[in-house]
Structure formats: structure tokens, C-alpha cells
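*Asks:* In case you want the letters, here they are:
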Amino acid sequence: MAGATDISEVIAPDETFASMTDEVSSIILRPHRRIGWWIGFGIGFALTVLLATALAALSAIGIGIWGDNIPVAWGFAIANYIWWTDIATGGALISALFLLTRSEWRTAIHRIAETMMLFATAAGGLMPIFHLGRYWYAYWLFPYTNVMGAWPQFRSPLHWDFVALIAFVASIVLFWYIALIPDLATLRDRASGRIVRVLYGLFALGWQGSSRQWRHFRITYWTFAGLMTAEVVAAHSVVGLDFAAGMTPGWHSTFLPPYFVIGAALTALAFILLLIIPVRWGYPLATMITLRHVDVLAKLLLTSSLFMAYCYWIEAFMPFYGGVPADIWTINASFYGTYSFAYWGKIALNAILPQLLWFRPVRRCEPAVFAIALGVVIGMWLEYFLLIVGSLNRGYMSSRWFIYVPSFWDWATVAGTVGLFVAGLFLFLRFVPTLPMFEMRELIQRYRHKGDAA
Amino acid sequence: MNDGPDPPPGGAGHAFWQSLDELAQSPDFLRRLEQRFPDEYARLAELAASIDRRRFLQLTAATLALSGLAACGPAPIAGLVIPYVDQPEDTVPGKVRLFASALTRDGLATGILARQIMARPINIEGNPDHPASLGASDAIMQATVLDLYDPDRSKWVIDNGEVSSADALVTALVNRMPQLGKTQGEGLRVLTRASSSPTLSAQFAALTRLYPRLRRHHWHGGWRDNLREASRRAFGRVVAAVPKLDKADIILAVDSDLLNEAPGHLAHARAFARRRRELASGGRGNRLYAIESTPTVTGANADHRFVVAAAQMEPVLRALAAHIGIGPREWAGGAAPSWLPAVAADLAQHKGRALVHVGPYQSVSLHLLGHAINAGLGAFGQTLEFLEPPELDTSDEISSLSSLVADMHKGEVDTLLILGGNPAFTAPPDLGFDEALKRVKFSLHLATHVNETTRLCRWHLPRAQELERWSDARAFDGTATIVQPQIEPLYGGWSEHELLAVLGGAVRPQGHDIVQATWQGEAKRRGIADFATFWREAVRAGVVPGTRSPAAPVTLSPNIISEISATGQTDPPALSVLFRPDPWLRDGRYANNGWLQELPRPLTKLTWDNAVLVAPALAKERGLANEDVVAVETEAGRVKGPVWVMPGQAADAVTVLVGFGRRVVGRVGAGTGFDGFPLRSSNTLTEAPLRRLAKTDQKWPLATTQVHQHIHDPLHPGDILRFGTVEELRRNPDMFKGQSPQDSLYPAWPYPRYAWAMAINLSSCIGCASCTMACAAENNIPVVGKDQVLRDREMHWIRVDRYYRGDENAPTETLFQPVPCMHCEDAPCEVVCPVEATMHDHDGLNVMVYNRCVGTRFCSNNCPYKVRRFNWINYTKRDPRLDLAWNPDLTVRARGVMEKCTYCIQRIREAEITADREGRRVRDGEVRTACQAACPTEAIVFGDQNDAHSAVRKRKDSPLDYGMLEGLNTKPRTTYEARITNPNPALAEG
Amino acid sequence: MAAVFGPSANLAMKLVLIVGALGLLLLYFGPWIFTRIDYSTGVQWAYPQPVPFSHRHHVGGDGIDCRYCHTTVEVAASAGFPPTHVCMTCHSQIWSNARMLEPVRLSLAEGKPLHWRRLNRLPDYVFFDHSIHVAKGVGCTTCHGDVNEMPLVWRGATLSMSWCIDCHRNPAPALRPKNEVFNPNWHRTAKTPSGQALMAEYKIDPARLFDCSVCHR
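Quick note, the sequences are listed as chains A, B and C, same order. Counting in the numbering used here, the first sequence runs from 1 upward without gaps. Counting in the numbering used here, the second sequence runs from 1 upward without gaps. Counting in the numbering used here, the third sequence runs from 1 upward without gaps.
Chain A with its partners taken away, still in its complex shape:
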């Protein structure tokens, strides 16, 4: 019956509690030299150093080291910010939403998704802070009592964004950590060296797996999942509002918030694929992260790409429908202007390329899926670059139309944030269970019973 084949796909039938736990925890507790890991981490670390240098230069000289100008006062920094928060929110959305829908395939990959969201937030969160002319006063956006008797402006979308971001960071860190506790306990109990056990013990917060702890755990975890689902949609919509609330041609439009959320789902799905495919190759987890997962994610990627295509259509249609001249130049500029490469790039990579996923063979061919996912991720970055630079360089005053040319430090910052993400990810693979063991056990358990029943 269908069920049986499902099992064989979501998780290999011969997996038992013991074998699964062994395989997952051995990655951490019994590391045999993995040269791949060192290379990956090395690259990530090197780029992180580049990021540190870029930020040091920024602190010493000012954001003048970037290519920003008047009219284009925002550049790469903000594009990066949206792109990374896209990945983060999307990751959170997928993890939380599909927990609520009890999707089997979610089990094996949600930890990777959450970790992705964690480091993406770290990488993206730097941007809005460091893009400030005087970032050392960033805390002024936080409402606190001070001897100036001054408060933030609550009408400003940037303030909403600040609040949303803080709430988002807080909740994803907790969500990720809570889901980690039982596994940390497992590691504590399986580890041999005393120090290792103590360390994992500390983080396990005295988890013993008593039924009372499990009850509390379930309530917290599921409640969080519920909250997160709403939270991430809200958070990313607010990022969309940053622009929608501005009167710059190309920004001043109500469809941006949903557009951003859809973008988030698309980017995140693509990014997860970018992560799990190498993990399948690099680690002995192919029996638990199966082609089924790739297939499901690919389908979702296709779906959200269709949503995205719809957004693009609206985006191109509305200016002409609205008939505001400035909006029309702006859209024309993105068709034919200096930055048209970004426009056609995003159309090709986000809307057209993913259509290949209609075909099952493509979905089952990991390199193909990997390539498509990579395309989408780049396409989405181009989209945000265009949204910011493409809109700002063509304002209302033709006398102030100037183009934006990124400087070395702009590129360094992009590369650097990627490095930060990669480095963090490799550390995660090394020290934290890649798969949620306790949930895998449930999964195996569940399918045992089905098997018996049959």
C-alpha cells in the first residue's frame, strides 16, 4: 500500500532507534577526519575575516567607503539585509508551519532549516546596524528612558522594522534551542569524555526525559510553532512596509508586504535545498534525508515560484494601470535601463528556470535541483538589489538621476556575510545533531506500528 512506499522514502525501512541515534550522534561524538569539513569551514572563516575587515574600515572611515550616493542612499547593505531575513523568515516559516501540519518529511530537515534561519539572521542582522551613518547610536531606535527625554518615532516604518527584528531574533533563538534540548541530553548521556558530558549537560538544562518534562516540552514547542508562524509573516511584512511606506517611485505600493513573504518562502526553500543536498553527500544521512525530501521541497519551490511570477506580473502591470509618470519611468528603467540585467535576471531565475521542476526526473536529479535552487537564490538577491537601487536612481527629479556603482567594500560585505553564514553552519554540523533524534525516534516508532498493523 501507499503507506509502505512512503516509509521507504521518508526514512529507510531498516533504520532502528539505535542505528539512527548512532549515525546522527557519531557525527559529533566520534568524528573521523573530514577534510571536506575543514575546507568548508576554512572558506567560511576566511570570508568572515574579510567581513570583519570591511566593518573595521567602515568604522574607521564611514559608510563613504561604499558606493552609496544621493539619490541612491541605500545600496548593497539593505539588499543583503532583506535577502538574509528572507532566508531566515522562510526557514522559520517552513519549520513551524509544517510542524503544525504534521508533515512527515519536515522531521528530518527542520533542524537544518532552523539553523539556516539562525545564521541567516546573524548575517542579515548586522546590515541594518552597520549601514547607519552613526551605528554606535543604533540603540536610539529602542524606546528607553534617557536624560535627553527623547523617544523613537513610532510612525516610522524603520522603527516597526527594528521592533519586528528584535522580536523575531528572540523567538527564533528560543524555538531553535527548545527543539534542541532533548537531543543535547542524548549527547550528554552518550558522550564518553567528562568535559564533553558536562558541556552538553549544561546546555541540556537537566533534561531527563520524564513524562512531566515531555508534557511541558510538547506544550511549549507547539505553542511556539503556532506563534512563530504568525510572527514570521508579520516580521517580513514589516520589512516590506519599510518600502511601501516610502513615496519613492517603485516602492510606494501596497503589494510589497505579501510580495516579500512569498519571496521569503521561495528563497528559503531554495536555500534549504542548497544545504541538504551537500549534507546528503557529505554525511551518512542519506537514509534519513531521502530523495523524497528533495522531491517535496522541489515541488514547494515550484509552487512558490509560480506565486512569485504572479507578483512580477502585478509589479509590471500596476504602474501602467496607475498611470503615475514617475512609476512608469521607474518600471521602464528596470526593463531597459542601467539595471535591466537585474530585472531580466530575476525573471529568468525566479520565474522561468524553476518551471523545469514540473518534470519528475528533474526533481529527482540532485545536481539539477541544486543548480535551480542556486539560480533562485541569486535571482532573489538581484530582485532586492533592483528594488532598492533601481528605484532610487530614477526619482522624480531628472536632474538628480545618478547611477550607483558598488565599491570593493560593498562586495566584501556581501561575501563576508555569506562567509559568516557558512562558518556558522559548519560549526553547527560539527557540534549539534544535524537531525532531531527524538523526533526521528517518534517517526520510526510511528512507522513500526503502521508496519505491524499491515
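Simulated from the structure, these hints should not be mistaken for lab results. Here the structure is a predicted model, which is why all the values come from computation and not from measurement. For each residue, glycine too, the CB sits at the ideal point set by N, CA and C.
Now the stretches of chain B that chain A is said to cover, found in silico as 3 or more residues with beta-carbon under 8 Å:
{"no.": "1", "segment": "786–795"}
{"no.": "2", "segment": "820–833"}
{"no.": "3", "segment": "856–869"}
{"no.": "4", "segment": "889–901"}
Knowing the structure of chain A, use the given hints to seat chains B and C on it.
*Replies:* Structure of chains B and C alone, referenced to chain A:
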């Protein structure tokens, strides 16, 4: 490639001022200095000693008043309070005071009122009582303040490249005097720039009595030689022809920058604009035609601008004369363009109310033609009056210089005093001035800056800058002004009067006494008993009453026509080079002035560089594009420079702007532009045949502040820049009526007390950029340097946008639009700031709180007018000017904060507080923004629009008044009056 | 396998959490408190000066008017600081050779100004104007404290922005009849007109006083 002002090594600019302070306090500083530069130590010690108590206290007091650069928070103990020992009676710390004086350009005076705070001139305003200013000021006058505070000014007396002392120089000079006396001054020469100083002429008179063989030469670049020569031939002598634009209905400008360069241009612009504004109110107004081969500001403001090939200028003007009925019929033949008859007819119909003005750079015969036509049009005594020339010396400059150089070569010159200027840079190379100068035994160069000439002279003496010295000068109409110092010489400089007095045998001469002596004589001649009052009043008012030049009776030489035919040029070259001084750097003497370097040129909008202006057609033909480096060659020499494709340039002429490419200059001017002077020879000073124009494979980035591709109509003129003709306006008086603001969800905010607002009249604006410069001076706007301008990061708060209409080879119209902050009542910038750093106040000002700004820059993204400026890096720290130069009345912005036009809020507050103390309202005109005060054409008006009688209210009630992009419902407080032109119906296009 | 943590670990962990929580609170309230204590605001802290000038003696004792030394307080932003000559108008006659006054005589002799340590200083981006405050009936002692009681002068108020705007929000309590502005001993009595009445008389509009542009340019 240069990148503008480098970061001062350890803030050199700022360091010098500190050192003055330290000099007077810590001997330890001197010791350190002694170890490092032994020879400068002596000079410094002398300088330190020379700082008398009063000056020292002025300076220290200034530091007290100086609101500094570091934005530091309050600390329990914050530095020192340094009061006076003996406070001068009338000083009120921190109060602005105005002192009259004058600045000279090409030797002619323009009256100023210097705004002083704590004995420091902060910026310059025009003197309303002075005929050449009428209260207005131009960019160069504004920038003179920066020249004063330029840390690169010459500080030491130099003897053969060694630092020496003034006493040593005086001794050396005095030792020569007996021998000079014996030979009656044989071999004693003085080279001056153009000057109109009565004192100077009196001094020369005295010196010639002492040394009969003394010979005086003058050299100012030779730009006006043709003009003088023409005057000699037409009237038998040099007279000053002063156009009276208030009387002129029809003006024909022949390659003349009457409104922006001619002597008295501020007054001319004022009169022109007044007549222009009549048009809107149905008055007679005026009509301006321009024919020129390279664009000028005046041409840009013409109702009809005709591009005429450089070679065709003369034939065309002859044809015009012929059509009016002057000169032989055959002149009419040949190349008479289609428009010519109509223009001729228009001029002829307005006899007595028409005027032809020929620019100084044109040939003698063209000037003669101009005189002939004016005579024919009955302009003499009506639209053109002739006065006795105010200049000291009206002889031919080039012959004066070449005779000097010849004698130097022959070794007949053994003592040469060069009073200011930089002949080694500006003299035509074929004279060989440099070699000649090396042969002079005793050569002395008096200048504010060390320059190319200094290096070739035995002695160099620091000159007191225009704002530091006593002198006097005459305006274009002869009116004399006594030039009083605004501050004691910062570097102990001398004035030319003091130097000449030494030659006259005076010991320790004082500029004040010398100038006073001259006027004592004058007073005696006039029989004024109470000299003290006369003197005090003259100095205070900035104008000496009754000194206007008398009218010069002229009779046009009867055989002028034959003169013209005789001097007429034969077979003109296929291609020629036109030489023009850079609008701001002039002959290069402002090359180290960051304000002028960075101020966009009115037409090209270039900064930090000059260029070879090439017509679009020629560029197409030669495959040239902006920034291509070309080699330009004349028989005199060959230079390389970047191309700038110039709309409205004649296809048979390239224009080389000279004044850049200085070799010996301060840190600001170093490496800017290229030197065009080598192309000139002594007989081709303004125009030369072009031998070669060759494209090289190099590129030279040019920093322009307005992108060039949008050269045609502004994208939707209706919203940004509205314009029309008198005809259209008459047909439809409401053609410019703006949309009334749409309803808002929120109730409109009431402004019961004041409602500050600005109105800008586009018919009046001539695009001269005085407003931009005045704003920069008043509001501590830093110089950012070429590298930053290339990144579109210039900081000017009010920019002048320039749009063209029509074909780029002959644009039908050039439109200027000053754009400051609009102070929108519903300001898009305010709502998006997360920290409330930009807010609205109760008088409707959109205020910017620098110290609250964190630099999100969303406000700029959200500003439709793009008038906000951001401190991308620490521009203030990079700026080389002395700390003395900053205006203490407003914040000096730190790195990472946004800034923009504030309507000069410091002036508004000052007026409000005064009024409030006296329990009254601020009077109309009590607050004048810097841009308004500077504007020569009264285009900008500022005031309280609640006050029904205020000037700004009246402007805003005009049917021409509209708000820029008012469709966005921002409700701008800055509004514009549409531009009205007065084209000749007979020439109506299509 | 034996557990690495005994039962006591639970307690330890709880303590850690509590301490951590307290730490967070301190992180917020620490600066909050510090910025408000006299040590950092400078209120009540006197500092040695080149000459130990006593306002208590000159103002409280001799009853010299503030404007005798701070001459420009009614006409300019800066209240003005007495030049050495002002000191010597009296001290050339009385105490003309007190050792305490040596620096003053020296300053006059050498023409070098005295260097006083500045107590009241606003940041450079704040533009305070004495004249208008005095004209609107704000007394000297309202901001500078009971100067007539100070042997060595100290800061009378924090001069923090919130302190300024407290008064700009509600000026009434700070206002006096104009003739009492320079009286250090003035106290509100039953017959002094109410602050509201004075606000009306002086035409003070608190809403406008709250504009950023009142102090920041």
C-alpha cells in the same frame, strides 16, 4: 588623478591656528619647532612677538566663541573660560557685526559688508549703497573669505628660497635706494595688476618725482586690450562705456557676458531682471538677443540665442549693421542668416532704447562695429553712457608687458617689484618672461600665495589679503571705496602701499596712514574742513560721496567705417581656439580656493577641472566624447585636456578655459585641470587658429554635478519647471495655476504666528550660482573634493539645476532653477525618520537635528526633490580651512549625519529673539537668507507668508506662482514663479 | 552510566538564571542611575579656580548685581565673563595687595587673561540664549542655583536635555516678575502673580518652546 583637498597632514589647516594659540602660550612648542626647522623658527619667533595684546585677545576670544568641531557631550568640567583682560568698549561676544569695505575684480571695486563675529569675518554680503553691488555679491566675492583662511597662504618672507624676515628685506631694499637715487631710478621697474586705487596712483606720482626714470608696467592677462584699442580708435582715447540696462528695451549681446562678467555685472543683472519682471505684469519689459560662438550665462538668458561660427562673427555683425543702415551695402551681402533681418528691424525700431554690447574677447573691428551700430541706434547717452575710465592705467597691457620683458632681456632692469599677480603663469610663452626674470638682480614678488612667479624671484614678501589691508579702489563707474581691513594680517602680510612707501623712504609705514594721506589731499582739494568726520563716514558707508567719474564727452571718429574695413580680418581660419578665463578661478589666482573649485560652473556644471569645450557636431565628426583627452595645438604651443561636449558651442571653434593646471599651488589646487595659457601668444590673447585637435587614448574623469544625458526638455516640465512666453501668458493668464492640494486624512496644521516661506522667480534667475556659494559660506558647508563629487556626494544645500530645450547644437532655451529644501508642510522626510531627527516646527520649518541623526538616510530616499545631503565620511575634518573660518552660529556637522537647507535658521532665530525681547513681531526683510542676500537679480525672496504685506506674500499671490511637484501633495513652502520669455513674434518658431 | 550532575545542579542552575536576570536589569538601570547622579552631572561639585572667587561673598555679602560682571546677559546669547579690568576696578583700591589676588594683578600687568575652569557648558550643537530667558522672567538662580550661597561656584542644575525641556514644556513655575530676575534671594510669595499669569503677560507659548529648532541649529 587628483582628488581635491587631501586630509590635512595632522589637520595642518587646523594645526596652524592652534600653533598661533600655542605660540603665545607654550615656549615648549617653539623649542620643538626649533629642532625641526631651525630657519622657520626665527620667523615664527618674530611672528609670535609681533602678536600684540589686542590681536592675541581677539584670537583667544574667537576660540571662546568658536562652537567647535567635536560633537562632545556635556562633561562636569568642560575646558576653560578665557575672558578679555581689557574688553573693547563695543564688543558683545558672539554678536554679528557688519563692516563696509570693497573687493576688487580686474582692478574694479565692488562694495561689501563683511559679517564679523568676534573680530573674524565669517562671510561677505554686498553693500546696498555701492553702485557695483546694490547689496548683491557674486561667488568669487563670497569665496574671498576662504582665501583669507587658506592655510596654504604664504607665511614667510623668502630670500633665494630661504626663509628670511621682513626686516632683512627692508634693509636690502633700503640699501639699494641711494644708488637708485643717483641714477634717478634707472632700471627700477614696478609691475602691477589692473588697479584703480587712487592711493596707488598718488604713490606712483610721488615715486616718479623721486625716481624720474622709474617705469611702471601693468599686466592683467591682456583680456581687455581689444576693447581699449577699439575705444582709442573710435573716440581717440580710452573711455569707460557703461551700459544702462534699465533704459534698454532691446539688447543685443555679441559674445558678451554682460550679466555675469562685465564690470558692474551685478548692477547690470539687477537692472536687467527688474525690466524682465515687468513682462509678467504686462509691462514693456525687455528683449535680449545673443549671438555668440561659445555659450555664456548672458546668452543662456537670451530670448533668442544664435550660435554663430567664430569665423562668421564679423561678417554677421557687418551684415546686421548694413541691415540697420550703417556702413556700405556690400556688408549686407554674403552670409546673412535667416534671423538677421528680423533682429535688425527690431533694433532699428527701438532707436534710443536699443543697445549692442560686444564682449571684451572679440576683435578690435567687432568692437568698432559695436560702437558704429550703437551710434546708429542712438544708444549714446541713452542706453550707453561714457565715463572717464576708473582704471589707473589704460594703456595696452601686452605691449606694456612685452616692453618690460624686452628690457629685462637686455639687462636694463636691475630692480623689479612685482605687486601681486602671477605673470610667470599668465604671460604668453613667446615673450620668454621666465628667462628674462632670472636675469633681474633684485626681483621682489609681493603675493598672498607662493606661486609660479615666486620661484623665479629673488625675494618674496607675503601680501596682506584683501580683507586684511588698508587700501582704496574705484567701481566700474568710478565711485571710490576705502578698503578697510576686517582682521589683522594673519601671517603679518604687507600691502603694496606699505611696500612702495618703503621705496619712498618711509620707515615702518602703516597702510592706514598712507591711504588716509591720499584722502586728506582729496578732502583739501574739495575744501572739506572736518576731515575726521569725512573719513569716518566714508569708511563706515563704504562709499566716498561724490567720486563717481564725470561723463566723458565722446565723438565717434568720422572715418570709423573705413577703420572697420581696414582692420577687418582676412581669410579666417577653418578652426580656431577661444581662450576664456574659468568662470571662478579667473586667471588661476583662485586655484587654491576649495569653494570655487567645487562650485559647479553655471553652464557646464563641472567642478575641479577645466575642459576643452567642443560642439556636439564637431565631437560627432571627430568621434570625441566627454572625458576623452585631446591634444590641442596652436602655433604658440600644445596642451592636452579632457573634452566636454558643450551644447550651443559653434562647430568651428573649441573653447579652452584657462586658469587651471597651476604648477606651484597649495594642496587644494594641486593637480586640478590643465594649463591652457601655453596656447596663447602675445598677438593671439583671446583667440587663435587651431592647428591640430587630436584625440589621444587617455581618459580624464570629469566631476559634474548634473548628469548630461537629460539635455532636452525636463521630463515633465509642468511639474518641475514651468515656462512660457509673454504671448501665451496674455492669451491664458492662468496657464501656470497649480493644482490645489488634495484633501488629507489629517486636519491641516495651523501656523498662527509666523509661516516662513521662500519664493523664487525663474524669470529673474540667471544661473550665476551666487546663492550656492553664499549658502556654503554661511552654513559651514564642507569642501568634499573631486573624488566625492565623482560619487555624486557634493554637499551644496542649494543647487542650480540647468535644463536645455531643443537641438543640442543650438538649444532654443537654457533654463536655470535653484533648488533648496522645499520645507514641505507635509514633508515626506519627517515620517520615515525612526529617531525624529527631522521634524516640523510651529513656524512651518522642516528642521534637521544633526545631533539626533543616526544616519538611516531614509529621509533622503523619501525626498522627491533630493535636496538632502549626507556626511558619508568626516568631510569637516578633511576640509583644510582654518578653524577660524567656521561660522559659530550653527552646528558643524559630524560624520554620518544628514543635512540640508534650513532657511538659514540661525538668522531667523537671531531675529526672532531680538524681536521677542523688544516685544514685537519680526519685520519683513529683517531675516534675509544667505542666498537671498547674495542674489544679484532679486530672484529669491524670503519672509513670513502670514504677513499680508510681506514681499514673499506678494510673490506667492502672483498667478505665476506654483509648487514644484505639487501633485505629490507635499505642500512646499518654497515655490516658484514661472519663467516668462519675450521672444520676437517675427521669429516665432514653426 | 553515572550522571555527571547531582541533584544540587538543579539549584545551581536556578541561581545562575536568577543572577543572569539581575545582570540584565543592572545593564539597563546601571547607566540609568549613573547618568542621573551628581558625580556625572557635576551638580554640587566645586572645582579649584585660579582665584578662589566667592560668589557668596560678592553676591550674598556685598550684594553686587549679577550684571556688574556678566554684562551682556540682557543683550546677547552669552552672559559675558568679566575681563580682568572689572576685578581691578575695586581691587586696585581694596585688598590691593592680598596674596590671593596675585594672579589677577599679574594678568593685568602681563596682559594675559585668567584661565577659569568652565563649569556650565552645553554641547556645541545646543544654542542657548541668555538674553531671551532673562527677558522672559527666568531668574539667574533658577538655573544656576543659589549662587549667593556658593563659596566656590558649582553647577546649579544638570543641564541635561530632559532638564531643559521639563521647563520648556511647563515654564510657569520658573517665571518671576521682571524686576526680580536678578534677585538671588527672591522667593515666590502670596502676592507674586501666578506663573500662568506671567506666561500670559510675557506671551510665552509652551508648544512653540518645544520645537527642536528652538535650541538646535
